[in-house]
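So the sequence lines, in the order shown, correspond to chains A and B. Using this note's numbering, the first residue of the first sequence is number 412, and each one after it goes up by one. Using this note's numbering, the first residue of the second sequence is number 89, and each one after it goes up by one.
The hints are simulated quantities; they were obtained by calculation from the structure and are not laboratory data. Note that the structure is a prediction, hence the values are computed from the model and not measured. Beta carbons are placed, not taken as given, at the ideal position from N, Cα and C, and that holds for glycine. Hints are not guaranteed to be accurate.
[As the list claims (entries may be wrong)] Away from chain B, derived, C-beta distances all over 12 Å, residues of chain A:
| no. | residue |
| --- | --- |
| 1 | D418 |
| 2 | R428 |
| 3 | G439 |
| 4 | D443 |
| 5 | L447 |
| 6 | T448 |
| 7 | E453 |
| 8 | A456 |
| 9 | W458 |
| 10 | D465 |
| 11 | P470 |
| 12 | R485 |
[Claimed, not checked] Taking lysine to any residue and the SDA-like style, the derived pairs with C-alpha atoms no more than 20 Å apart in a straight line are:
| no. | chain 1 | residue 1 | chain 2 | residue 2 |
| --- | --- | --- | --- | --- |
| 13 | A | K482 | B | D173 |
| 14 | A | K482 | A | R435 |
| 15 | A | K419 | B | E166 |
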Amino acid sequence: MSRYQVDKFLRDINHDRALAERWRTESGAVFDRYDLTSDEREALATWHVRKLYDMGANPLLLLLSAFASGKGMREYMGAMNPKE
Amino acid sequence: MAEIVAGVACSHVPFLAMHPEFERAGVEQRNRVVAGFEAARQILEEADPDAIVVFSNDHFDRCFYDNLPAFLVGVGEEAAGPPYDTLAVPKARVKVMSELGRFIVDEGLERGVDFALSEDLPLDHAEIVPMSYLTPRWDRAIVPIIVNAFAPPMPSLKRCYDVGAFVRGCVERWPANKRIAFLGTGGISHWVGPPETGRINPEFDRWFLERLVRREAAEVIEKYRSRAALECTAGNGGNEIRDWLAVAGAMPEHLRARVLAYEPVQEWVTGTGVMAWAAA
């Protein structure tokens with residue numbers, strides 16, 4: 412996993428509202444500036460936060476990027492603890 | 089020489105200064121927390137420092153893995169923030185006692201603590217939220233020292249305590265007739281992002297506070313030498329006790345420590361505490 416690139420994307424989402432909006436509305440092209448594996452792109456595109464966490468993404472960045480993209484704490488905790 | 093006149097350590101949970109999040113906590117709990125901050129504010133007011141050395145940590149708004157300091161001293165004339173709207177805390181601007189900041193950096197490089205420095209360091213909620221309670225007129229100069237507490241690898245608990253003690257020595261050697269206080273912010277137990285997000289560990293928090301009151305920081309340092317052990321007990325947010333330990337390391341023996349408030353506030357997802365060191 413290129414953890415730095417995933418963390419960099421998550422950090423950029425926090426700082427750039429336009430990027431956060433593109434992440435919400437676009438598929439694929441928003442990740443082109445980042446050197447991500449296909450698994451990472453897919454996990455970010457589908458907001459699979461638990462998979463990203465298990466892959467080593469910084470958990471604070473995951474939580475902050477959820478807020479930056481309009482998701483609340485409850486939604487984040489549900490996504491981090493999916494029911495099997 | 090400069091004199092150390094007081095110390096405060098407290099949580100910086102952003103919900104303390106965000107609405108309606110603040111009001112989601114129960115009124116009795118939040119009143120006790122606010123009372124603790126008010127007591128700390130009065131202690132600082134009575135101590136009347138010319139500047140406050142602030143040990144706090146970043147949340148990826150100032151530092152990142154492209155350029156990551158363990159300890160970063162702000163030496164510009166002013167600091168303002170927050171630089172982004174990630175969390176809706178109030179904006180603030182405060183003067184920096186840059187001559188003391190530069191003295192600390194120079195002393196460090198001369199004597200073996202390799203501080204990084206910034207001429208243009210923004211504030212984030214780690215400084216703004218506590219200072220909105222402790223120095224609400226924004227009229228006390230600060231010397232901000234950012235400690236890495238969220239981007240592993242991070243400085244050890246022992247290193248943070250020792251750096252606090254080193255900065256105490258810098259202040260006491262500084263040839264300026266100034267009164268200096270210390271403030272450490274963060275913690276106590278909180279999980280922000282991991283699957284346990286929302287968990288609080290009051291048992292750890294109260295134990296930690298008692299260790300600092302009794303000047304037994306060495307027990308904390310020894311028991312939690314492993315970051316994994318600390319995170320298992322106090323969450324990834326628990327790494328912020330580094331800021332409290334730095335202040336503990338800086339406190340002269342004649343200042344008496346006491347806890348002013350501790351509440352495990354579930355709605356703020358944080359074991360929320362305030363303590364102070366003051367002349368008896």
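Status of the hints after comparison with the structure:
A:D418, annotated as away from the interface, has a beta carbon of chain B within 12 Å; the closest lies near 6 Å. At roughly 8 Å, the least C-beta separation between A:R428 and chain B is not larger than 12 Å, which violates its mark as non-interface. With a minimum CB-CB distance of about 25 Å to chain B, A:G439 clears the 12 Å threshold, and the non-interface call stands. With a least beta-carbon separation of about 19 Å from chain B, A:D443 lies farther than 12 Å from that chain, consistent with its non-interface assignment.
A cut-off of 12 Å between C-beta atoms confirms that A:L447 is not in contact with chain B; the least separation is 15 Å. Annotated as non-interface, A:T448 keeps its C-beta farther than 12 Å from every C-beta of chain B; the closest such distance is 18 Å. At the 12 Å boundary, the C-beta of A:E453 stays outside the reach of chain B, the nearest C-beta of that chain being 20 Å off. Every CB of chain B is more than 12 Å from the CB of A:A456 (nearest about 20 Å), matching its label as outside the interface.
The claim that A:W458 is not at the interface with chain B holds, since no C-beta of that chain comes within 12 Å of its own (minimum 14 Å). Not every C-beta of chain B lies more than 12 Å from that of A:D465, the closest at about 10 Å, which undercuts listing it as non-interface. The beta carbon of A:P470 sits about 3 Å from the closest Cβ of chain B, which is not more than 12 Å, so the claim that it is off the interface is violated. Non-interface call for A:R485 relative to chain B: violated, since the shortest CB-CB distance, roughly 10 Å, does not exceed 12 Å.
Only pairs whose Cα atoms come within 20 Å are accepted, and A:K482 paired with B:D173 is accepted, the gap being roughly 15 Å. The hinted pair formed by A:K482 and A:R435 meets the criterion: a straight-line CA distance of about 11 Å does not exceed 20 Å. Only pairs whose Cα atoms come within 20 Å are accepted, and A:K419 paired with B:E166 is rejected, the gap being roughly 28 Å.
Hints 1, 2, 10, 11, 12, 15, counting from the list given before, are not met by this structure.
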